[in-house]
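**Student:** Each protein sequence line maps, in turn, to chains R and Z.
Per numbering that gives the first Met the number 0, residue 0 is the first one in the first sequence, and the count goes up by one each step.
Per numbering that gives the first Met the number 0, residue 0 is the first one in the second sequence, and the count goes up by one each step.
Think of the hints as simulated: they come from the structure by calculation, not from any bench.
Keep in mind that this is a model prediction, so the values were computed, not measured.
A couple of the hints might just be wrong.
[Stated by the list, open to error] DEER-style ranges, computed between Cβ atoms: (1) Z:Ser62 <-> R:Gly91: 18 to 26 Å; (2) Z:Asp115 <-> R:Asp33: 34 to 42 Å; (3) Z:Ser62 <-> R:Leu94: 17 to 25 Å; (4) Z:Asp142 <-> R:Asp7: 42 to 50 Å; (5) Z:Ser161 <-> R:Pro102: 15 to 23 Å; (6) R:Thr120 <-> Z:Ser62: 27 to 35 Å; (7) R:Asp33 <-> Z:Ala103: 32 to 40 Å.
[To be verified] Residues from chain R that face chain Z, not an exhaustive set, calculated with beta carbons under 8 Å: (8) Pro19; (9) Val27; (10) Pro102; (11) Ser106; (12) Trp116.
Glycine included, each C-beta is placed from N, C-alpha and C at the ideal position.
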Amino acid sequence: MTSDRYDDLLAQYRDGLAVPGSEVDRAVMAVVRDRQRLRSAAFWRWFVRPHVMEVRPLLAAASLAIVVGASVLGTTIAVRWSGAPAAAVPAGMVLVRFQLDAPDAGSVALAGSFNGWSDSTTLFARNPDTGTWSVTVMLPPGEHEYLFVIDGERWIPDPDAHALVDDGFGNQNSMIVVGPRGVVRS
Amino acid sequence: MARVLSGDAEAYGVLIERYRLRFGRYATAMCGDADQAADAMQEAFIRAYDGLAGCRKPERFGSWFFRILTNQCHNHRSRHRSHQRLEGVTATSSESPEKDLTSAEIRRAIDRALDDLTPDLRETFVLREIEGRSYPEIAELLDTAEPALRKRVERARQSVRSALEEWL
């Protein structure tokens with residue numbers, strides 16, 4: 000076994016490695032421009048849609064200014080005084096917050112039995128100060144299995160899960176138990 | 000990076016070209032195939048764009064993107080290998096295998112050797128032994144201490160040498 004021969008083989012291998020060409024740049028930029036267009040369109044759709052704003056009496060003047068300003072720009076804000084019923088959680092549903100400390104993640108999604116194990120429909124939001132990701136979802140009472148999907152590819156159990164259950168394929172899912180009044184700790 | 004974050008999507012093109020050239024050869028070695036590497040890079044750049052707001056330190060975009068790219072490469076490699084296991088490469092000439100070894104055979108032999116490494120060992124080996132990057136640079140890219148990297152390289156080197164023994 001000679002070191003020279005080993006180095007020579009690695010050098011030949013290295014010399015034969017191709018760098019992906021500029022077609023990668025073009026393909027990615029096509030997607031990026033598309034994303035940009037969609038984001039702009041989504042913002043304007045949101046902006047021109049009527050909104051409901053909760054107003055505290057003490058902040059009425061400031062709120063009025065926002066309403067007037069928005070009207071000038073073309074959107075509509077309906078005002079609801081504080082004390083009126085907040086946006087209701089549908090009967091029989093419970094709000095549940097999931098959280099993950101993953102400062103290096105580029106994206107985190109929640110996939111579970113309640114969303115068809117989709118890795119793209121329930122996305123976490125990142126707190127830029129703490130690097131913690133969280134999302135709040137409405138769930139019906141019962142047992143729900145779920146996993147976190149990091150960067151769209153790493154499926155991991157919730158480190159703070161109440162319980163882990165076998166998924167039947169040699170791995171484990173996190174499980175949460177939701178009661179009528181909230182999460183039930185096992 | 001700041002321009003992209005402020006909404007200038009075109010500025011992302013500059014980042015793409017820079018990091019495609021910087022990590023392209025690494026991606027090809029990690030995927031074992033240039034087409035797979037192009038796909039992995041494309042997906043990694045799109046994922047990075049979608050998650051830019053989550054990049055904690057914009058000044059370290061390179062390391063952050065490298066992590067995403069490496070994950071994509073591992074995925075592509077395992078997917079590719081599960082569908083198309085490379086045929087075995089063995090020395091055919093008992094007299095002088097060195098003379099008979101073509102560049103394609105070298106590539107297949109080393110690809111097979113890389114297949115036998117764990118993902119951690121593979122990425123460290125490729126960065127150090129194939130690309131010749133310095134340990135401080137690898138430590139920053141992999142966010143791993145240098146002594147641990149040196150051990151990984153040593154273990155990977157032994158494994159690759161062993162896999163290539165008939166050619167050495």
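**Student:** Hint by hint, work out which the structure violates, then give me just those numbers in ascending order.
**Tutor:** 1, 3, 4, 5 and 12
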